[in-house]
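Student: In the order they appear, the protein sequences are chains A and B. Residue 95 is where the first sequence ends in the numbering used here, and the numbering goes up by one at each step. Residue 147 is where the second sequence ends in the numbering used here, and the numbering goes up by one at each step.
Treat the hints loosely; a few may be bogus.
[To be verified] The calculated SDA-like cross-link candidates involving lysine to any residue, where the alpha carbons are at most 20 Å apart (straight line), are:
id: 1; chain 1: A; residue 1: K64; chain 2: B; residue 2: A135
id: 2; chain 1: A; residue 1: K32; chain 2: A; residue 2: N56
id: 3; chain 1: B; residue 1: K86; chain 2: B; residue 2: M56
id: 4; chain 1: A; residue 1: K64; chain 2: B; residue 2: H47
[Said to hold, decoys possible] Partial list, derived from the structure: chain B residues whose beta carbon lies under 10 Å from chain A:
id: 5; residue: R36
id: 6; residue: P50
id: 7; residue: N113
Simulated from the structure, these hints should not be mistaken for lab results. For every residue, glycine included, the Cβ atom is placed at its ideal position computed from N, Cα and C.
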Amino acid sequence: MLILSRKRGESIVIDGRILVKVAWLDGDLVKLGIEAPSTAPVHRQEVYVEIQSFNQEAMTDTKVRLPRLTASTVALPISKGGHPSAESLTSRRV
Amino acid sequence: MNTLELIEPETRALNGKNIIRFPYGLLGFERVKNYVLLSRRHEEPFSWLQMLDEARHAFLVVSPFLVLGEYEPRITEEDVKFLELTVPTDALLVNIVTLRGNGRATINLKGPVVINRLTMVGKQIIPDNATQYSLNHPLPVT
Numbered sequence: 002m003l004i005l006s007r008k009r010g011e012s013i014v015i016d017g018r019i020l021v022k023v024a025w026l027d028g029d030l031v032k033l034g035i036e037a038p039s040t041a042p043v044h045r046q047e048v049y050v051e052i053q054s055f056n057q058e059a060m061t062d063t064k065v066r067l068p069r070l071t072a073s074t075v076a077l078p079i080s081k082g083g084h085p086s087a088e089s090l091t092s093r094r095v
Numbered sequence: 006m007n008t009l010e011l012i013e014p015e016t017r018a019l020n021g022k023n024i025i026r027f028p029y030g031l032l033g034f035e036r037v038k039n040y041v042l043l044s045r046r047h048e049e050p051f052s053w054l055q056m057l058d059e060a061r062h063a064f065l066v067v068s069p070f071l072v073l074g075e076y077e078p079r080i081t082e083e084d085v086k087f088l089e090l091t092v093p094t095d096a097l098l099v100n101i102v103t104l105r106g107n108g109r110a111t112i113n114l115k116g117p118v119v120i121n122r123l124t125m126v127g128k129q130i131i132p133d134n135a136t137q138y139s140l141n142h143p144l145p146v147t
C-alpha cells in the first residue's frame with residue numbers, strides 16, 4: 002500500500018480524475034473530501050463490504066419454497082410517500 | 006413495466022422491455038449487468054430479481070413498505086442524477102430478502118435496489134441514512 006503524508010487542506014489526485022482532500026482533522030477522526038466522476042462510485046468500505054457479503058448470501062434459486070408474510074404485515078399499505086411498490090407499478094399480463 | 010407471470014423461468018419467452026440494466030451490477034456481482042423482475046402469483050408479495058443469463062440465480066425481493074411503513078432511505082443526489090429520477094414515482098424500490106431456514110427470513114434495509122421504471126435502469130444504492138437501517142431486519146413470516 003502506498004502511504005503518503007498530507008496536511009490539513011492538502012489533496013491527492015488518483016488517475017487524473019479523482020481528488021481526495023484532507024478536509025478536517027480532529028484527534029483520530031479525519032474528514033475526507035472526495036471529488037470523483039459518477040463512473041467511480043465512492044462508498045465507506047465497511048458498509049460496502051457488508052452489503053456485498055449480504056448479497057452473496059442472499060443469492061438463491063427461484064425454485065425454493067417461499068415463506069408467507071404474516072397477515073398483519075400484508076395488511077399495511079402497499080405504497081407510501083410516493084414510493085410505489087412493485088405490485089402497484091407492474092401491470093400483469095393475463 | 007411488465008413483470009412476467011411465469012410458468013417456469015427456464016421456459017419463459019423474454020421480452021426485451023422487461024430487462025433491467027444495472028450498469029454497476031449489484032454489490033458483489035458487479036459483472037452481472039442485466040436482470041429481469043419476475044412475479045409469480047402464488048409467491049406474492051415477493052418478486053425475483055433474476056440474472057438474465059443465469060436463469061437459476063436470483064435475488065428474492067419485496068417492497069420494504071410492507072415491512073416498515075415509515076421506511077425512508079435518503080437517495081444521494083449523485084444517485085438521483087445517475088438514475089435520472091425526476092419525480093419519486095419514477096422509482097421502484099425493492100429490497101433483497103435472505104431466507105434463513107426454519108421459516109426465518111430477513112430483509113436488507115441498508116442497501117435498497119432502486120429502479121427507474123421509465124428507463125429500466127437500476128442501481129443498488131447506499132442511502133445517506135444507511136446507518137440507521139439494518140442489514141438483517143427480521144421479516145415476519147410464517
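Student: Please go over all the hints and tell whether each is borne out by the structure.
Tutor: Against the structure, the hints come out as follows:
{"no.": "1", "hint": "A:K64 / B:A135", "in the structure": "violated (31 Å)"}
{"no.": "2", "hint": "A:K32 / A:N56", "in the structure": "violated (29 Å)"}
{"no.": "3", "hint": "B:K86 / B:M56", "in the structure": "violated (25 Å)"}
{"no.": "4", "hint": "A:K64 / B:H47", "in the structure": "holds (13 Å)"}
{"no.": "5", "hint": "R36", "in the structure": "violated (13 Å)"}
{"no.": "6", "hint": "P50", "in the structure": "holds (6 Å)"}
{"no.": "7", "hint": "N113", "in the structure": "holds (5 Å)"}
Hints 1, 2, 3, 5, counting from the list given before, are not met by this structure.
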